[in-house]
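Student: Sequence:
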Amino acid sequence: AVGYDDSFSEDRVEAIGVVNLQAGSKILTDAGATVRLSSNLVRVASEISAPGGTIEITGSSSFRIPSTVVASFALPTVYITGDAKLSVAGKTISLEDPYGWNAGIIHPGGTIEISGNILAESGSILDASGTTAVLDFHPSSLNPALDSEVPENAGLNSTSWQRRSIAVTMDSDGGRIEL
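In this note's numbering, the protein residues as written are 7 to 185.
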């Protein structure tokens, strides 16, 4: 949302663009998505979740005031309330597997970018943490040398070679927060 200020009226600003996400509202996306909020003034009092994705919040570099007014202090153009929760935390997406293994895609933590004159209240949450998941792998994918060493008894009195799996705990990277 872009405001408007003509050069003929110095004592007022005609319009200020405002994006206001009120308490109780939510923006919830699929993993890897991007949410962009850009305006002269941006206020977030809600939840925005883009697992493993990006949240970009951009306010003006300065608060738009009439040219006849002198500000005695910095005025915020991005206001993150104490109720706001911005999350790009990592997430595991489970996938169907013909052998019943725990299979999936692990998305690492994403990116939160906030620019402008920022005021973030105590209690607001900005989360770019990673995630942890237990996934099953065939032994040969963990050690390629095992691919040619099929056990002699595989499938006779033990699980067949194709269906053998090893559970592995996988940790993703965390993301980043840029202010």
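Honestly, the hints are just simulated from the structure, not real lab data. There may be inaccurate statements among the hints.
Here are the computed distance ranges between Cβ atoms for each label pair [claimed, not checked]:
{"#": "1", "residue 1": "179", "residue 2": "108", "range": "34 to 44 Å"}
{"#": "2", "residue 1": "23", "residue 2": "135", "range": "25 to 35 Å"}
{"#": "3", "residue 1": "105", "residue 2": "24", "range": "52 to 62 Å"}
{"#": "4", "residue 1": "100", "residue 2": "124", "range": "35 to 45 Å"}
{"#": "5", "residue 1": "99", "residue 2": "146", "range": "17 to 27 Å"}
{"#": "6", "residue 1": "146", "residue 2": "28", "range": "52 to 62 Å"}
Straight-line Cα separation of at most 20 Å, SDA-like style, residue types lysine to any residue; simulated pairs [unchecked claim]:
{"#": "7", "residue 1": "32", "residue 2": "133"}
{"#": "8", "residue 1": "91", "residue 2": "142"}
{"#": "9", "residue 1": "91", "residue 2": "36"}
{"#": "10", "residue 1": "32", "residue 2": "85"}
Think of the CB as a built atom: it goes at the ideal place given N, C-alpha and C, for glycine as much as any other residue.
Student: Take the hints in turn and mark each one as holding or not.
Tutor: Hints and how they fare:
| no. | hint | in the structure |
| --- | --- | --- |
| 1 | 179 to 108: 34 to 44 Å | 20 Å, violated |
| 2 | 23 to 135: 25 to 35 Å | 32 Å, holds |
| 3 | 105 to 24: 52 to 62 Å | 53 Å, holds |
| 4 | 100 to 124: 35 to 45 Å | 36 Å, holds |
| 5 | 99 to 146: 17 to 27 Å | 24 Å, holds |
| 6 | 146 to 28: 52 to 62 Å | 54 Å, holds |
| 7 | 32 to 133 | 16 Å, holds |
| 8 | 91 to 142 | 33 Å, violated |
| 9 | 91 to 36 | 17 Å, holds |
| 10 | 32 to 85 | 17 Å, holds |
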